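Chains A and B supply the protein sequences, listed in that same order. Residues 1 to 186 (this note's numbering) are what the first sequence spells out, left to right. Residues 187 to 372 (this note's numbering) are what the second sequence spells out, left to right.
Treat the hints as calculated values from the structure; they're not laboratory data. One should not assume that every hint holds.
Pairs of lysine to any residue, SDA-like flavour, derived with a Cα cap of 20 Å [to be verified]: (1) Lys369/B with Ile168/A; (2) Lys311/B with Met1/A; (3) Lys372/B with Ala55/A.
Please read these numbers as outputs of a predicted model, since none were measured by experiment.
Number of protein chains: 2
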Amino acid sequence: MTLMRVLPFTKLLLEQAVEAGDHVIDGTAGNGHDTLFLAELVGEDGKVYAFDIQADAIKATRERVKDFHNVELIHGSHAEIDQHVTSPIGAAVFNLGYLPKGDHSIITKAGSTLAAISQCLHLLKVHGIVAIVIYSGHEGGSEERDAVMEFVSQLPQVQFDVLQYQFINQQHSPPFLVAIEKKRIK
Amino acid sequence: MTLMRVLPFTKLLLEQAVEAGDHVIDGTAGNGHDTLFLAELVGEDGKVYAFDIQADAIKATRERVKDFHNVELIHGSHAEIDQHVTSPIGAAVFNLGYLPKGDHSIITKAGSTLAAISQCLHLLKVHGIVAIVIYSGHEGGSEERDAVMEFVSQLPQVQFDVLQYQFINQQHSPPFLVAIEKKRIK
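Please model the entire structure based on the sequences and the hints provided.
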């Protein structure tokens, strides 16, 4: 056997959590890979809200999902998710850090990341998942990682399960996953 | 969906790693649950070596696997695995801490635990798994946990993948899993 890597394991959890017809959020559209994956999962009766602050990311994502009519692209901060999404969501996904092949000085930051995660947890259906893939090898990455870990480890255990899935003997700070399942509304 | 708890996830990895006919090790026979599970997985052509230092554990395990002829019970320390097992193994499992329903003052300890893990890693086949379920809520548990985490996080990444699977927002130090896959012989 081979232990599942972080990104395939994240996709597996999203597949298990998302149902056709769900509304879901891609909090970091980036090059659009997760947006496309989610658009396929929710199907034509569902909806994907995909956020990115970078025009290049929105453009790349628009191109990748051009055959889908169930994606709403929002060129803006994921800290304003609650201004665009009011329906319950089945899942949300975040890939923290910088845009691959983009400007590495433009990074997600703790303040807006925590705001976005909080808003997604509020919108989340019971047994839905918020999946956060954390990259911390870049400058500023460890501060964001620490802030996210502090926040998620304090989530009340009666309402949420917070799973960390991480390979711990690797150099160069490879990404790891934090997956949050909502167990009950309050 | 519901995130898999630590013990079912551990069993899933063992199921994926172990093939019929394999030799495997239960490093902490305890009440024999894992020994039984492994005996079923390896089948009549395989073999389970189950270790425990406590006579009560050996007795309970013997009773639980009484219908199986593929289990060798060793009433002794798992620090002496290499005196009893010389064949390659497909998997090994450890449940650290104390014997449930037994004497809680008798606990696994860092020195013998690390010796046992090292010996298992040496015997392990490529793509085999050593699964270590770590309990640290009892007195002495955090020292053992820290020693194990220090050891496994230093394993060379060209030879091993070390996965941590842990729910991180729970009180009372619930158990978590460290799973080590051997990727190549050296």
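How the hints compare with the structure:
no., hint, verdict
1, Lys369/B with Ile168/A, "15 Å, holds"
2, Lys311/B with Met1/A, "11 Å, holds"
3, Lys372/B with Ala55/A, "47 Å, violated"
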